[in-house]
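Trainee: Using the sequences provided together with the hints, build the complete structure.
Read off the chains here:
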Amino acid sequence: MLTILDFFTATPEIFVLAMSCFILMLGVLLKKNISAISYCLAQTTLICSALLSFKCFSILHFINIYSFSHTFILDKLAVSLKIFIDIAMIFTFWYARLYNDENKIPENEFYVLGLLATLGMMILVSAANFIILFLGMELMSLPIYAMVALMRGKQRCIEAAMKYFIIGSVATAMLLYGLSLFFGATHSLDLSNVAKIISMTAPSQNLILYFGLVFVIAGIAFKLGAAPFHMWVPDVYDGAPNSITLLISAAPKIAAFGLAIRFLLNATPSLNIQWEHILFAIALLSIAIGNFAAIIQTNIKRLLAYSSIAHIGYMLLGLACGTTRGDAAALFYMTTYALTSLGAFGMIVLLSKAGFDVKELKDFSGLATRSPWLAFMMLLVLFSLAGIPPMVGFIAKVGIIEALMNVHLVWIAVLAIIFAIIGSYYYIRVIKVMYFENVITDSVKITCEGNLIFILSINGLSVLLLGIFPSQLFTLCHVIFS
Amino acid sequence: MPILSLLIWMPILSAIPVAMLRGKNNDAMARWVALFVSLVSLLICVWLCFHFNANTSDMQFRENIEWIQALHIRYDIGVDGISLPLIILTCFTTFVVVLASWTMVKKNVAEYLALFLIMQSMVIGVFASIDAILFYFFWEGMLIPMYLSIGIWGGGNRSYAAIKFFIYTFFGSALLLIAFLYLGLQIHSFDILKFYQMKMNLHTQIFIFCAFLLAFAIKVPMWPVHTWLPDAHTEAPTGGSVVLAALMLKLGAYGFLRFSLPIVPDASAYLEWFMIVLSLIGIIYIGFIAIVQTDMKKLIAYSSISHMGFVTLGCFMVFIIIQHTANLQNAYMSLEGALVQMISHAFGSGALFLAFGILYEKLHTRKISDFGGITKTMPIFAAFFVLFAMSNVGLPGTSGFVGEFMILLSTFKANFWVTFFAASILVVGSAYTLWMVKRVFFGPIVNANVAHLEDTRGVDMLILVLLAIPVLWIGLDPNPMLTMFHASIGHLLQLANTSRL
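Here the protein sequences line up with chains A and B, keeping their order. At position 330 of the first sequence (counting the first as 1) the number is 330 in my numbering, and the numbers step up by one without a gap. At position 1 of the second sequence (counting the first as 1) the number is 1 in my numbering, and the numbers step up by one without a gap.
Incorrect hints may appear among the rest.
To be verified - Capping the alpha-carbon separation at 27 angstroms, the derived lysine-lysine pairs in BS3-like fashion look like this:
hint : chain 1 : residue 1 : chain 2 : residue 2
1    : B       : Lys298    : B       : Lys106
2    : A       : Lys362    : B       : Lys107
3    : B       : Lys438    : B       : Lys362
4    : B       : Lys199    : A       : Lys362
5    : A       : Lys362    : A       : Lys104
6    : B       : Lys164    : B       : Lys298
Worth flagging that the hints you see were computed from the coordinates, not collected in a lab.
Mentor: What follows is the structure, encoded as C-alpha cells:
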C-alpha cells in the first residue's frame, strides 16, 4: 500500500522526472530554438533537486527511511550522493552550453537526456532492492549512450556510441546475471534481506554466491571503468564530443560508486573477505594500467581517460579496506576526483571552438602566455590529479593510504604511492607543455567567455581550497559511513 | 599573536597581488611590493630573534589547532633553536633573491617574484611544522614553485632538468609519507614531539630509518642519489639556484636532525658507519668530480654536494664520538658544527651562485673557458668573488672555516681515519675552487666581451655586500649563533642518546 510518505521520500526524483518531461515537450511543441530556456530550466531543476534532497531528509530528521515497500531508501549516503551528483551535473551543463551551441549539438535533447541520466543516478544511489538498483543503472546508462551519438553526422561519435553501448550492454548482462544468481540463492531481492540470509548461510553453500559476486563486481567495474574492464574508457572519452566526455567523466562515476557501496556494503557485507580480494586485484591492476598507459598518450583526452582508470583504482583501494575509514576515504576520493576531473575536461571544452576540438597535448602549448589565468587553473587541477599538496588530490590520497595502513596493508600502500609517482610524470608533462613551451602559432586564439572562465575559476580554486581546508568534507564522509 | 602563521601565510597571500602586476610596465612595482613583503618577513624574523628564549629546547611561538579532525592531523607549528636560524636564513635568502630580480630577471617578473614568495612560505612551513603530515604538506608543496621556476626561467635544457628534479624528489618523499602514517597510526597523532617518545624494535626502526633516508638523502643530496642536483642547479635561473643551494638542500639535513636522529636513534646508531661512509664518498668523490667541470655553475653545484657531505658526517658522527670519548662535549661540537656548516654553506654557495648570476647576465655563457681576466675589468666584483671562494675553501675568518673545523675537531677525538679522509677535502676543495678562480678571474682576457665589462654597482653591489657580511660575521664571531642552537642541540643529543627499543 503506497502512502504519501513513499512519494515524499522520492520528491526530488519525481521533480526531476516531471521537469525533464516538461522540457522535452517544450522542445517538441515550440520547435524553435529554445536552448536558453531549456538550459535555465535544466539548471533550475538540478538546483531544486539538490535542495529538495536535503530538505526532504531534514524534514524526516535525518533518519534512514525505507519506502515503496522497502525498495527505496533515504539515508545519509543516498542524500549526499544525490547532492554531489546534482552539483556535478550543474557544472557539466554550465561548461557544456557554449560548446554545444558552437558545435550544433541539439541542445534541448542534451539537457533532457542529461536530466534523465541524472534521474537514473539518483534512483540508483537510493536503491534498496536489486530491481531498483538495476533500473537506476539502466536509466543512467541509456541516455548517455544516446548522448555520445548526439552528433549524428560524425562517424567518430557514432563509433564511440556503438562501442559504449555494446560494452555497456555486456556489463549490464553480467550484472544482471550475477544478481539473478543471488536471487536464486537467497530467494530475495531486498538488499538487507539478502545480507541477512547470506550471513546465515553456511560457508560451504556459498559457492553460488561467490560465482554471482564475481559477475556483479565485473559489472560494477565496467561501469566504473576499472581494469580489466576498462577498454571502453579511452575510446569513448576520445570519440565522444567534448561536452559529453565531460559529463561521462564526473557524475556517472559518483553514481557507480553508489552502486558499488549499495551492493557491497548493503547486500553482501558478510562476503567481505571475498570481495576485498577481488577489489584489491582490480584496484591495483587499474592503477598500474591507467598510469602506465597514460604515459605514452599524446592525446589529452585519452591521457585523462587512462588517468581516470588509475583514479578509480585508488578509490577502489579505499573500498577494498572493508573499514568505515576506507569507505569514507573512498567517498572523499570519488567526490574530489569528480570535481577535479570536471575542471580538466571543462578546460578542454572551454578551449574547443566551433569545428576545432581540443584533443592533442600540443593544443595546450604555451597556454601560460596565451591565457595565464586559465593555465593557472589547469595547473591546480593537474597537480591535484597528481596528488601534490596543497591541492585536494593530496588529502584524498593520504586518506586512502591511511585507510590501507590502518588494516596493515603497508605493501599495497607502498605500491599505490609508487604508481602515483609514475603517474605524476604525465601530469607534469602537460604542465611542461603549458608553461615551458612556446606558443604554436596556428593554435586557435582563446576568446574569453566570462561565464565559462568564472565557473572554471570556481572549479580550480575549490580544488585548491578543499586541499587547504578539507576537514568539513572529510568529516562529512566519515559521518555518512559511521 | 600567531606570529609564525603570519610569517607563513603573509608571503603566500601577498603573492596574489604581486602576480597580478603582470606586464612590462608594472615590473618595477612588482619588485617593490615583493621587496616590501620580504623585508616585512625579515623584520618579523628579527622580532622572533629578540623574543626567542635560547635557554630552553621547548617549541616556542607554538600554534596548535585542529586541521583534519577525522585523520588526527593538526595545524601545529612552532620553532626551537634548530629551526629558528633556518627560518631567518629563509627570509634573508628570499630578500636577496628579490633584490637580485632587479637585474637578473627580464621575463615575467611578477610571476617570478610571486613564485619565490610562495617558495619562502613553503620552506618556512617545513621548518616550523610540528605535525608530521603538515610537514609533508609543505615539503611536497614546495616542489610546485621550484618546478615552475626551473622550467619557465631556466636555461636551454630546462624542461628535462625540471622534470628530473620533480620526479626525483617526489620519488624520495613517497616512503616518507608511509613512515609518517605508520608512526601516526600507532599513537593516533602526528605530533613529532610525541614520535620522540615512541618505542619500536630495531627491525621497525631500520625500516623507518630507510624511508627517512631516501627522502632526506635525495634532498641533501648524498652520493649516490645526487644526480638531479647538477642538472637542476645548472638549468635553474639564478634565484632558483640560490634557493636550491641555500634552502632546499638544508631541508634534507634538517630532516635528519628533526626525524632520523631523535625518532629512530637505535637505527641511526646501528647504521652510523653506513651513513659515514656515504658522506665520505660524497665529500671526496664529488670533490674530484668538481675539479674536472668545465661549466662554472656545475662546478659550484658539485662543490655544494661535497660540502653538504660534511653536514651529514657531523650528524652521524655523534654516536661514534659518544662511544669513544664518553662525554657529550665533542658530540655537541659535531652537531653544532653540522648546523653552522648548513648555514654557512647557504651564504657561501648562495653567494657564489648569485655572483655567477651577475656574470651570466653580462656574458650569457657558463663555460669557464669563456671567461678569463675578469679582474682587469671588474676588480671589486672579483674581490667579493674571491672572498666567497675562500669561504668555500674554508679559510679561517670566513664562515666556511667554522663549521668544517668544528666537525673535523670533534671527529678527530673519535676516529683518525674519518678525519683524515674528510680533511682531504680541504685540499681537493681548494684545488677546484682556486683553479676555477684562476681561470675565470686571472690570466689574459681571451673573450672580447670580457674586455667591455663594467664593474658591478647598484643593486648587484648591494647583494654582494649583504652576502659578504654574514660570511665574515659567522667566520669571526660564531658564538651568538651557537648559543641559539645550544639548548635544542642538547635536547636532540639526549634523545639520540637514549635507546628506545
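Trainee: Each hint should be assessed against the structure and marked as holding or not.
Mentor: Status of each hint after checking the structure:
Between the alpha carbons of B:Lys298 and B:Lys106 the distance comes to roughly 23 angstroms, so the proposed pair stays at or under 27 angstroms and holds. In summary, the hint linking A:Lys362 to B:Lys107 is supported, as the alpha carbons are separated by about 23 angstroms, within the 27 angstroms threshold. With a CA separation close to 19 angstroms, the supplied pair B:Lys438 and B:Lys362 stays within the 27 angstroms bound. The straight-line distance between the Cα atoms of B:Lys199 and A:Lys362 is roughly 54 angstroms, outside the 27 angstroms bound, and the hint therefore fails.
For the given pair, A:Lys362 sits about 25 angstroms from A:Lys104 by alpha-carbon distance, which is consistent with the 27 angstroms threshold. Taken as a hint, the B:Lys164 and B:Lys298 pair is honoured in the structure, with Cα atoms around 16 angstroms apart against an allowance of 27 angstroms.
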